[in-house]
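Trainee: The task is simple: from the sequences and hints, build the whole structure.
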Amino acid sequence: MRTVDAADRRSERRAPKDLGQFEVKLDEANGYLFNISEHGLCVVLPVDQPAMQAKQSVTGIVIGQGIRLEFPFKGKTVWFSVRKIEQTPYVFAGIEFESPMEIPESLISLSLARESGD
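Mapping the sequence shown onto numbering that gives the first Met the number 0, position 3 (from 1) lands on 2, and the numbers just tick up by one.
Each hint should be verified, as a subset may be incorrect.
Claimed, not checked - Subject to a maximum C-alpha distance of 20 Å in a straight line, what follows is the list of computed EDC-like cross-link-like pairs (lysine to aspartate or glutamate):
1) Lys54 - Glu97
2) Lys75 - Glu101
3) Lys83 - Asp47
4) Lys73 - Glu101
5) Lys54 - Glu37
6) Lys24 - Glu101
7) Lys75 - Glu27
8) Lys75 - Glu37
9) Lys73 - Glu27
10) Lys75 - Asp26
11) Lys54 - Glu69
12) Lys75 - Glu104
13) Lys24 - Glu69
14) Lys24 - Glu37
15) Lys54 - Glu104
16) Lys54 - Glu27
17) Lys73 - Glu22
18) Lys73 - Glu97
19) Lys54 - Asp26
20) Lys24 - Asp47
21) Lys83 - Glu22
22) Lys73 - Glu37
Claimed, not checked - The calculated label-pair distances, taken between Cβ atoms and stated as ranges, are:
23) Glu22 - Glu104: 10 to 20 Å
24) Asn29 - Trp78: 12 to 22 Å
25) Glu22 - Val81: 18 to 28 Å
To be clear, the hints were calculated from the coordinates, so they are not data collected in a lab. Every value quoted in this text rests on a predicted model; they were computed, and no experiment measured them. Glycine residues also receive a C-beta, built at the ideal position from the N, C-alpha and C atoms.
Mentor: In structure tokens form, the structure reads like this:
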């Protein structure tokens, strides 16, 4: 497995219009997609989900709500932070894919709609 360098970290990230559009199901936790790039994704998890460890191997799937999308992935956790959304704390987890992946067209379309304010 290759190491992702700083240039890869600056790759374009896509983010859904709202968190409920894409559910992320991991081995032992469920959350929502915050953003995604060809190298990895950020998932938002309720704080009551089982704790994950740094560099933990994970398998998961991103599922679109109201659209046809199932995007399976394998990777490892690379960072965590606790942030508040509307005064409620959540765990944000960064997951690096085992290898670069092509982002589904449906996700790109929805993120472009968000950027244009639609």
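Trainee: Work down the list of hints and note, for each, if the structure agrees.
Mentor: Tested hints:
1. Lys54 - Glu97: Holds - the C-alpha atoms of Glu97 and Lys54 are around 12 Å apart, at most 20 Å.
2. Lys75 - Glu101: 18 Å, holds
3. Lys83 - Asp47: Roughly 14 Å between the alpha carbons, so the hint for Lys83 and Asp47 holds.
4. Lys73 - Glu101: Holds. Lys73 to Glu101 sits at ~13 Å (cutoff 20 Å).
5. Lys54 - Glu37: Judged against 20 Å, a Cα distance of about 19 Å means the pair holds.
6. Lys24 - Glu101: Holds, because 19 Å separates the two Cα atoms, which is no more than 20 Å.
7. Lys75 - Glu27: 13 Å, holds
8. Lys75 - Glu37: 14 Å, holds
9. Lys73 - Glu27: 14 Å, holds
10. Lys75 - Asp26: 12 Å, holds
11. Lys54 - Glu69: This hinted pair is violated, its Cα atoms lying about 24 Å apart.
12. Lys75 - Glu104: Violated, because 24 Å separates the two Cα atoms, which is more than 20 Å.
13. Lys24 - Glu69: Measuring from Cα to Cα gives roughly 11 Å; hence the hint holds.
14. Lys24 - Glu37: 18 Å, holds
15. Lys54 - Glu104: Violated - the C-alpha atoms of Glu104 and Lys54 are around 29 Å apart, more than 20 Å.
16. Lys54 - Glu27: 15 Å, holds
17. Lys73 - Glu22: Answer holds: Lys73 to Glu22 is near 16 Å, not above 20 Å.
18. Lys73 - Glu97: The given pair, whose Cα atoms are some 6 Å apart, holds under the 20 Å limit.
19. Lys54 - Asp26: Holds, at about 14 Å.
20. Lys24 - Asp47: At roughly 15 Å apart (the allowed maximum being 20 Å), Asp47 and Lys24 satisfy the hint.
21. Lys83 - Glu22: 19 Å, holds
22. Lys73 - Glu37: It holds: about 12 Å lies between the C-alpha atoms, which stays within 20 Å.
23. Glu22 - Glu104: 10 to 20 Å: For Glu104 against Glu22, whose Cβ atoms are near 19 Å apart, the range 10 to 20 Å holds.
24. Asn29 - Trp78: 12 to 22 Å: Because 19 Å falls inside the window, the suggested range holds.
25. Glu22 - Val81: 18 to 28 Å: 20 Å, holds
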